[in-house]
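The listed protein sequences derive, respectively, from chains A and B.
The first sequence begins at 1 in the working numbering and counts up by one.
The second sequence begins at 1 in the working numbering and counts up by one.
Don't read these hints as lab results, they were simulated from the structure.
Incorrect hints may have been included.
For identical chains, the list gives no copy identity; a pair is met inside one copy or between any two copies.
Said to hold, decoys possible - Result set (EDC-like, lysine to aspartate or glutamate): computed pairs, CA atoms no more than 20 Å apart in a straight line:
id : residue 1 : residue 2
1  : Lys243    : Glu23
2  : Lys150    : Glu240
3  : Lys73     : Glu23
4  : Lys361    : Asp312
5  : Lys150    : Glu274
Next come the chains, spelled out residue by residue.
2 protein chains.
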Amino acid sequence: MTGPRYPALIASLPSTVPFVGPELQERARGMRFQARLGANENVFGPSPFAVAAMQDEAAEIWKYADPSHLDLKAALADHLRCTPQNILIGEGIDGLLGYLVRLLVGQGDAVVTSDGAYPTFNYHVTGFGGVLHKIPYTGDHEDLSALIAKAAEVDAKIVYLANPDNPMGTWHSGAAIAAALDTLPDGCVLALDEAYVEFAPEGTTPDLDAEDPRVLRFRTFSKAYGMAGARIGYVVGAAETIKAFDRIRNHFGMNRIALAGALAALGDTEWLNEVIRLTAEGRDGIARIAKDNGLTTLPSATNFVAVDCGRDGDFARAVLAGLIDQGVFVRMPFVAPQDRCIRISAGRPEDLEILAEALPKALLAARITLNP
Amino acid sequence: MTGPRYPALIASLPSTVPFVGPELQERARGMRFQARLGANENVFGPSPFAVAAMQDEAAEIWKYADPSHLDLKAALADHLRCTPQNILIGEGIDGLLGYLVRLLVGQGDAVVTSDGAYPTFNYHVTGFGGVLHKIPYTGDHEDLSALIAKAAEVDAKIVYLANPDNPMGTWHSGAAIAAALDTLPDGCVLALDEAYVEFAPEGTTPDLDAEDPRVLRFRTFSKAYGMAGARIGYVVGAAETIKAFDRIRNHFGMNRIALAGALAALGDTEWLNEVIRLTAEGRDGIARIAKDNGLTTLPSATNFVAVDCGRDGDFARAVLAGLIDQGVFVRMPFVAPQDRCIRISAGRPEDLEILAEALPKALLAARITLNP
Numbered sequence: 001m002t003g004p005r006y007p008a009l010i011a012s013l014p015s016t017v018p019f020v021g022p023e024l025q026e027r028a029r030g031m032r033f034q035a036r037l038g039a040n041e042n043v044f045g046p047s048p049f050a051v052a053a054m055q056d057e058a059a060e061i062w063k064y065a066d067p068s069h070l071d072l073k074a075a076l077a078d079h080l081r082c083t084p085q086n087i088l089i090g091e092g093i094d095g096l097l098g099y100l101v102r103l104l105v106g107q108g109d110a111v112v113t114s115d116g117a118y119p120t121f122n123y124h125v126t127g128f129g130g131v132l133h134k135i136p137y138t139g140d141h142e143d144l145s146a147l148i149a150k151a152a153e154v155d156a157k158i159v160y161l162a163n164p165d166n167p168m169g170t171w172h173s174g175a176a177i178a179a180a181l182d183t184l185p186d187g188c189v190l191a192l193d194e195a196y197v198e199f200a201p202e203g204t205t206p207d208l209d210a211e212d213p214r215v216l217r218f219r220t221f222s223k224a225y226g227m228a229g230a231r232i233g234y235v236v237g238a239a240e241t242i243k244a245f246d247r248i249r250n251h252f253g254m255n256r257i258a259l260a261g262a263l264a265a266l267g268d269t270e271w272l273n274e275v276i277r278l279t280a281e282g283r284d285g286i287a288r289i290a291k292d293n294g295l296t297t298l299p300s301a302t303n304f305v306a307v308d309c310g311r312d313g314d315f316a317r318a319v320l321a322g323l324i325d326q327g328v329f330v331r332m333p334f335v336a337p338q339d340r341c342i343r344i345s346a347g348r349p350e351d352l353e354i355l356a357e358a359l360p361k362a363l364l365a366a367r368i369t370l371n372p
Numbered sequence: 001m002t003g004p005r006y007p008a009l010i011a012s013l014p015s016t017v018p019f020v021g022p023e024l025q026e027r028a029r030g031m032r033f034q035a036r037l038g039a040n041e042n043v044f045g046p047s048p049f050a051v052a053a054m055q056d057e058a059a060e061i062w063k064y065a066d067p068s069h070l071d072l073k074a075a076l077a078d079h080l081r082c083t084p085q086n087i088l089i090g091e092g093i094d095g096l097l098g099y100l101v102r103l104l105v106g107q108g109d110a111v112v113t114s115d116g117a118y119p120t121f122n123y124h125v126t127g128f129g130g131v132l133h134k135i136p137y138t139g140d141h142e143d144l145s146a147l148i149a150k151a152a153e154v155d156a157k158i159v160y161l162a163n164p165d166n167p168m169g170t171w172h173s174g175a176a177i178a179a180a181l182d183t184l185p186d187g188c189v190l191a192l193d194e195a196y197v198e199f200a201p202e203g204t205t206p207d208l209d210a211e212d213p214r215v216l217r218f219r220t221f222s223k224a225y226g227m228a229g230a231r232i233g234y235v236v237g238a239a240e241t242i243k244a245f246d247r248i249r250n251h252f253g254m255n256r257i258a259l260a261g262a263l264a265a266l267g268d269t270e271w272l273n274e275v276i277r278l279t280a281e282g283r284d285g286i287a288r289i290a291k292d293n294g295l296t297t298l299p300s301a302t303n304f305v306a307v308d309c310g311r312d313g314d315f316a317r318a319v320l321a322g323l324i325d326q327g328v329f330v331r332m333p334f335v336a337p338q339d340r341c342i343r344i345s346a347g348r349p350e351d352l353e354i355l356a357e358a359l360p361k362a363l364l365a366a367r368i369t370l371n372p
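Please put together the full structure from these sequences, using the hints given.
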């Protein structure tokens with residue numbers, strides 16, 4: 001009795017996963033987190049209309065969802081002033097990035113990203129045999145011109161850029177991105193991850209024709225719309241490219257409760273604005289707590305704040321461990337020098353109280369452990 | 001401005017999709033279906049406990065689901081008397097079959113299936129560059145020994161078998177499958193699609209050790225559990241193979257409302273048994289209606305019935321068109337001679353009344369159109 005035979009590419013892949021979920025950490029610790037501020041979830045939750053729509057749809061779950069997602073695509077097209085043919089809906093940005101890589105990256109094809117940017121994108125590129133070229137951050141910003149120069153140098157199929165950036169929270173103006181696009185080499189696509197764009201200042205998204213074939217914009221209901229557990233992301237791009245995803249996507253992959261919730265969430269601008277306001281208060285609260293502890297923070301156009309712990313990665317990792325020990329779920333950048341920071345999602349006042357309590361102890365412990 | 005460049009494999013793929021959803025047909029017709037009996041959905045719906053669990057979870061949708069799916073895997077392991085390490089949870093059997101093909105099939109690798117079996121499996125095989133070898137049905141059953149003989153002949157990576165079969169509803173005994181496994185060539189995996197197995201007679205699933213490396217069993221909450229729109233399937237197999245999926249799966253792909261619903265559904269055996277009873281009544285009702293119209297039906301171990309229209313595929317397609325015209329959503333096999341049948345999902349009494357009304361008219365219209 002033998003088992004399966006894996007192709008060479010699959011055999012070469014590590015079995016590591018992009019992220020460990022907080023639930024596994026909770027099981028390992030034997031206790032629940034007191035504050036869940038590590039995955040940039042939106043603690044303020046979805047629109048009450050979205051909750052009601054999902055509850056109403058629960059009994060209809062015996063039906064498959066419409067695989068063409070006509071209703072949600074029509075609403076998004078209206079929202080974004082494009083056509084439904086410019087929109088693809090899929091299983092979160094994670095799933096959509098996987099489809100993008102499968103669609104464009106053959107074995108050995110070059111892909112460019114920032115060193116320390118979204119690991120799940122890298123996971124997909126490696127998983128389809130692509131070759132990653134990583135550009136360091138410059139001043140805690142993704143380096144737009146260096147990314148594009150590298151793309152030209154290595155004949156890349158894709159350049160990945162998150163704007164605003166995760167994990168740093170920094171951002172470029174939409175005008176800077178539009179200008180950079182004009183220097184993008186032929187045959188390269190900019191994968192513009194706008195997961196956090198609803199939190200960003202006006203003008204952060206480039207003013208582009210949806211039919212522009214050089215860019216695909218990735219958006220989500222996971223962040224500002226408070227529906228991370230629903231798994232609804234979407235891509236905005238040229239109709240011909242969007243149609244190409246039909247060759248490979250899991251057509252019946254969407255949950256119909258989630259689709260109903262997203263439709264309702266999209267319609268509730270009032271709640272969205274309230275979430276954006278509460279998130280800004282949450283960011284301010286994190287900055288205050290950091291300052292009270294002698295730390296600085298980076299400006300952020302997202303629902304999280306990078307708190308600069310003022311020393312190296314080992315020190316920040318010790319602070320992070322101290323917070324987790326005290327029941328505060330947070331994460332941090334993987335790569336130096338960005339790993340001098342820990343990344344804290346904007347919380348409610350009650351979450352931030354727990355953080356305010358825990359941070360000085362975590363800092364003290366880290367200083368005691370790591371001082372000579 | 002140029003657009004994306006596709007690898008040769010992707011460029012070669014057709015943009016056709018495995019299935020058109022009834023919603024698109026409804027838009028084309030300008031009216032809703034009166035009876036939804038085409039996608040083998042479970043019209044009796046999910047357990048009321050599952051509905052309640054999903055409604056309770058709606059407000060928690062701001063959190064990502066646990067990517068290791070610990071709770072549902074533990075419950076399934078308990079249910080199936082294996083370990084959680086023998087279980088993989090994913091975005092429906094469709095999504096899981098995609099992962100399987102990606103995991104095992106390199107470009108040019110051989111895969112064996114039945115001619116007329118599940119098109120979405122074929123879609124994945126073609127999509128990853130595999131080469132499909134198709135074995136005709138024998139007496140409306142998938143031909144187990146011919147499938148395995150072909151696998152040996154072409155050095156297949158995967159043999160696909162749905163038991164019970166879709167679209168015919170026929171089945172093999174678990175003992176026959178276990179015996180066939182002993183003849184499976186080394187390095188070939190049996191992908192055993194048991195989507196409908198809860199409806200089948202006792203003994204339809206082979207009595208195998210979960211650690212048997214030769215077979216992966218695919219199951220779902222879409223059929224007997226009435227949660228097609230939730231997108232929860234699972235694979236049961238050897239721990240080492242299950243772990244290999246971690247190299248490629250969309251770790252954060254699952255909807256947390258759906259996971260909560262599945263957990264509750266799994267616990268409600270009473271509802272499951274009631275659904276199985278109602279489904280058997282529905283099958284009997286379809287058989288009666290067929291008989292009243294001079295047609296025969298195939299025995300079925302599923303929640304649908306293949307109704308033999310008694311002539312060729314063109315005739316059955318005309319009958320199908322006549323049913324759809326009258327607002328009855330049904331589908332049919334794609335390949336001769338199985339395409340002499342139409343496939344009707346077990347409905348409630350009110351669904352079957354609509355069918356009973358529509359079928360004679362559809363038959364009459366088809367006879368008028370197609371008779372010389």
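Structure-based check of each hint:
For the identical chains of this complex, Lys243 and Glu23 are inter-copy neighbours only, at 19 Å across copies versus 37 Å inside a copy, given an alpha-carbon limit of 20 Å. In the homo-oligomer, the alpha carbons of Lys150 and Glu240 never lie at most 20 Å apart, since the shortest distance is 26 Å inside one protomer and 39 Å across protomers. In the homo-oligomer, the alpha carbons of Lys73 and Glu23 lie at most 20 Å apart only across protomers (14 Å), although the nearest pairing inside one protomer, at 33 Å, exceeds that limit. Within a single copy, Lys361 and Asp312 get their C-alpha atoms as close as 18 Å, which meets the 20 Å cut-off; across copies the closest is 78 Å, which misses it.
For the identical chains of this complex, Lys150 and Glu274 are neighbours neither inside a copy (40 Å) nor across copies (62 Å), given an alpha-carbon limit of 20 Å.
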